[in-house]
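One line per chain: the protein sequences are A and B, in this order. In terms of my numbering, the first sequence is numbered consecutively and its last residue is 208. In terms of my numbering, the second sequence is numbered consecutively and its last residue is 276.
These are calculated hints, taken from the structure and not from any lab test. Ideal Cβ placement from N, Cα and C applies to all residues, glycine included. Careful, some of the hints might be misleading.
Cβ pair distances, simulated, as ranges [claimed, not checked]:
hint: 1; chain 1: B; residue 1: Ser-221; chain 2: A; residue 2: Pro-125; range: 17 to 27 Å
hint: 2; chain 1: B; residue 1: Glu-209; chain 2: A; residue 2: Thr-177; range: 44 to 54 Å
hint: 3; chain 1: B; residue 1: Ala-243; chain 2: A; residue 2: Ala-164; range: 21 to 31 Å
hint: 4; chain 1: B; residue 1: Gly-151; chain 2: A; residue 2: Pro-56; range: 55 to 65 Å
hint: 5; chain 1: B; residue 1: Gly-112; chain 2: A; residue 2: Ser-165; range: 33 to 43 Å
hint: 6; chain 1: A; residue 1: Tyr-124; chain 2: B; residue 2: Ala-247; range: 53 to 63 Å
hint: 7; chain 1: A; residue 1: Pro-56; chain 2: B; residue 2: Ser-86; range: 36 to 46 Å
hint: 8; chain 1: A; residue 1: Thr-55; chain 2: B; residue 2: Gly-151; range: 43 to 53 Å
Think about it this way: if two alpha-carbon atoms lie no more than 25 Å apart in a straight line, the pair counts; the simulated DMTMM-like pairs of lysine to aspartate or glutamate are [unchecked claim]:
hint: 9; chain 1: A; residue 1: Lys-163; chain 2: B; residue 2: Asp-242
hint: 10; chain 1: A; residue 1: Lys-163; chain 2: A; residue 2: Asp-79
hint: 11; chain 1: A; residue 1: Lys-163; chain 2: A; residue 2: Asp-198
hint: 12; chain 1: A; residue 1: Lys-163; chain 2: A; residue 2: Asp-93
hint: 13; chain 1: A; residue 1: Lys-163; chain 2: A; residue 2: Glu-83
hint: 14; chain 1: A; residue 1: Lys-163; chain 2: B; residue 2: Glu-156
hint: 15; chain 1: A; residue 1: Lys-163; chain 2: A; residue 2: Asp-190
hint: 16; chain 1: A; residue 1: Lys-163; chain 2: A; residue 2: Glu-134
hint: 17; chain 1: A; residue 1: Lys-163; chain 2: B; residue 2: Asp-84
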Amino acid sequence: MTRTAAMASAALAAALVLSACSGSPEAAAPTAPAPTATATPTPAVDVPIAAATPTPVRLPVPPVRVVVASLAIDVRVIDVGVEPGGFMQLPVDPAVGGWYRYGADPSSADGNTVISAHVDAPDYPIGPFSRIRELSPGERIEVTDAAGTVHRYSVATVASYPKASLPVDELFARAGTRALVLITCGGAFDSRSGRYADNVVAIATPMD
Amino acid sequence: MRNKILVGIAAGSIAALAAIAPASADTAETARLSVLHGIPDTPVDVWVNGELTLDDFQPGDLAGPLDLAAGDYEVALTAPDATDASSPVLGPVTVTLAGGGDYTAVAHLDEGGSPTVTPFQNDIAATAAGEGRLTVRHVAAAPAVDVLAAGAPVIEGLANPDEATLNLPAGTISASVAAAGTTEPVLGPADVTVQEGVLTIAYAWGSLEDGSLALAVQTISGLHSAPEGVNSGVGGQLAERDAVLQALMIVGVAAIAVALATGGVVAARARVGARD
Chain A
1 MTRTAAMASA ALAAALVLSA CSGSPEAAAP TAPAPTATAT PTPAVDVPIA AATPTPVRLP
61 VPPVRVVVAS LAIDVRVIDV GVEPGGFMQL PVDPAVGGWY RYGADPSSAD GNTVISAHVD
121 APDYPIGPFS RIRELSPGER IEVTDAAGTV HRYSVATVAS YPKASLPVDE LFARAGTRAL
181 VLITCGGAFD SRSGRYADNV VAIATPMD
Chain B
1 MRNKILVGIA AGSIAALAAI APASADTAET ARLSVLHGIP DTPVDVWVNG ELTLDDFQPG
61 DLAGPLDLAA GDYEVALTAP DATDASSPVL GPVTVTLAGG GDYTAVAHLD EGGSPTVTPF
121 QNDIAATAAG EGRLTVRHVA AAPAVDVLAA GAPVIEGLAN PDEATLNLPA GTISASVAAA
181 GTTEPVLGPA DVTVQEGVLT IAYAWGSLED GSLALAVQTI SGLHSAPEGV NSGVGGQLAE
241 RDAVLQALMI VGVAAIAVAL ATGGVVAARA RVGARD
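This is chain B alone, in the form it adopts within the complex (with noise of 0.2 Å):
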């Protein structure tokens, strides 16, 4: 856990996020942050630079997204009936921002069961067409685990406060987590929906000694690429008969101009004997 002093902050810091967060901010200056509270029986309130900003903040609960501007942020956690930052009962943690980022910092217990502060950064690249994307934190007190889809680990040795990726195709898989290089499930089975263009954030939080194991759930969507091309044509008929038609039409033409011709010769002939 990281400590910093806050020096030169004082109360009334509200015009310091707006002195950072104009109104017009540019997306390159500003990032995104949500909060998750993982730690049981324990209800805050979080205070950002000093300023009250999650009054009565519940277990299992996500806050946000908040648009901040870039840069490094103080929260701190506090009894929920604090008047102010001073006693915190966690942090404060230097959380740092970086423009165009999307972050989630979790209050939530560490492998032995004690109160931390993590922060994460969210993979929002766009993802593949087709795809979604699966994010699994284990911010909970136990040991290591493996993911399982369907029964086989898809990751494994995952520890306290770790993170992995996985980009998959769209489609609901069976997941549960098992105790690292085991298969009977601590979590679930559940059914997981991997929706297109979206992030699945799966933490696994609580405490496994107390039986507080438990299953927090953060989407992000948005993320979606178009496919690269549409081929709706594979046969190529339709040029073939196309190319026939306008044959027949300069076939036809030249005929009818050859048809007027002719017909003009036979009058003139037809006038001219005419005449005798």
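Chain A extracted, bound-state conformation (with noise of 0.2 Å):
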């Protein structure tokens, strides 16, 4: 290959680059700057340029209900975020679940909604959640939002994990992934701690 042309097609390999990394939607064309004084040149390759204003920021639809017709579970659930010491929030009443306020919720282009409740709390009854480790994979779980839209889902799998192994990345991921994840607890209770030893998650995949 004679230099030129090697020139000419690295030019093109470093703007179909640098385009595809600025997010351009077409491969600029690569033009030299031109050769006479009268010409003035195009730019070599395609930046986003826009005003330097705050973008709109999509409100999300929150989830405001949770129910496993199966299993008999029906909860009310309520936004959450997180408690000093970097832990999920969670509602008090184990009968109550909290969504995760900073992730997806199901009207959410990507990312996981993540769902979590008590199995049970000092003074209040056992709660539904934990009916969650008896879920098979297929079973249907229905989420309501906040503007009336019920979304179903389908259960893909349900497996325990060592609190200190939950695998948090994973399962509050906000890209790659629209996964349903019912968070709760199980295993031994330490009532030293007043802290049970695993996690029980749920992933369930949307139908819709």
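Two independent chains are provided; combine them into the complex using the hints.
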């Protein structure tokens, strides 16, 4: 290959790399600066340019109810965040589920919807999420959101993890997955610390 | 303003970019660059390493992000109709990009009102779960400022061309900018949303004297962390009930075993009795 052809193909490769990385929908055709003084050049790469103003943030449509008919689970859901110490916040009452408000909701284009509830708590009856461990693949879960839309999911996996091994980055992922993740506790209970040894996690995929 | 003599970089140096930007670049070897135009009333063309990169770039606009191989880059600003970068209105200025870094180069007025270019490095370290990050950059022809949240100073004495960064719980704050030591806003108050897992960079740019002070905003997302874990059981009643049920089952199995054994003995006795 001649030096000119090599430079031209290298320039094309660079233009494609740079335009792909900058998110441009079309690859820019490379144009070397014009040799004559009268013609003005065009940019060698296509860089996105926009006014530096805040972009509108998508408002979430939070889940408000989770129903697993086969296990008589029907719980109200509220939005929750993070406790001091960095653990997921949860409603005190085991009969109320908490949706992680910083992650996806069922209408999001991408990301997991994470809902958790206590299996039990002092002064409350054992909660409905205590039955999550009885789910089998293929069972139906329905999540109603604040707009009244019912989102249907089919259970894919049910697994138990020692607390310290809970794969939080995968379960709370905001891209590359659109599952419903239900998290609760199980295994042995340590009455000194007031904690269960394990997390029980059901992952369900959208049916719509 | 730093200057560097361009030695040995000829026209057609898009090939130079190609030589240091392989198609399959490892992230440790690439950097990310955005460019903010913060000089009022002056559209420009932006040239990187002698190549036209931004055409007719308008004040208040943000270009990028652009992924580039780590290294030094010559950035020059010319009039919008220039045919090359030989007569820049600003620069050339050397911008050094380290692998894995995220940068914004800002063309702006210094405190005295003269145009300059300042490269900033953006803090893209992971945010704590539930938090976002706010960076404020003073790139305006104005004296030092305080940044106030809900009327109280959270950043004090910020001068051109410095920056300050705060990690904050996600939420909305009413923010304003005032001359250092005062609380009368020169910018704002405006609602600033601190989004979880997002770096929001607010630039105060323009000229106080000319009445062109304005706020520019850049966001970089994807910095979030997952929570540490989920403690979803604090009573122990489920474990207790499981233990009771298990004990009952063991007792029940033992009782059935006893019943079968005694039933066998009775039947055997009945058969023995019947033979007599």
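Each hint tested on the structure:
1. B:Ser-221 to A:Pro-125: 17 to 27 Å: violated (41 Å)
2. B:Glu-209 to A:Thr-177: 44 to 54 Å: Check passed, 53 Å falls within 44 to 54 Å.
3. B:Ala-243 to A:Ala-164: 21 to 31 Å: With Cβ atoms ~23 Å apart, the hint holds.
4. B:Gly-151 to A:Pro-56: 55 to 65 Å: About 26 Å separates the Cβ atoms of Gly-151 of chain B and Pro-56 of chain A, which means 55 to 65 Å is violated.
5. B:Gly-112 to A:Ser-165: 33 to 43 Å: Hint violated: Cβ distance 59 Å, outside 33 to 43 Å.
6. A:Tyr-124 to B:Ala-247: 53 to 63 Å: violated (24 Å)
7. A:Pro-56 to B:Ser-86: 36 to 46 Å: holds (42 Å)
8. A:Thr-55 to B:Gly-151: 43 to 53 Å: violated (27 Å)
9. A:Lys-163 to B:Asp-242: Since the Cα atoms of Lys-163 of chain A and Asp-242 of chain B sit roughly 19 Å apart, the hinted pair holds (cutoff 25 Å).
10. A:Lys-163 to A:Asp-79: Cα-Cα ~22 Å, so holds.
11. A:Lys-163 to A:Asp-198: holds (5 Å)
12. A:Lys-163 to A:Asp-93: holds (21 Å)
13. A:Lys-163 to A:Glu-83: holds (17 Å)
14. A:Lys-163 to B:Glu-156: violated (43 Å)
15. A:Lys-163 to A:Asp-190: The hint holds at about 13 Å.
16. A:Lys-163 to A:Glu-134: holds (19 Å)
17. A:Lys-163 to B:Asp-84: With Cα atoms ~61 Å apart, Lys-163 of chain A and Asp-84 of chain B exceed 25 Å; violated.
When the structure is compared with the earlier hints, violations turn up for hints 1, 4, 5, 6, 8, 14, 17 and for no others.
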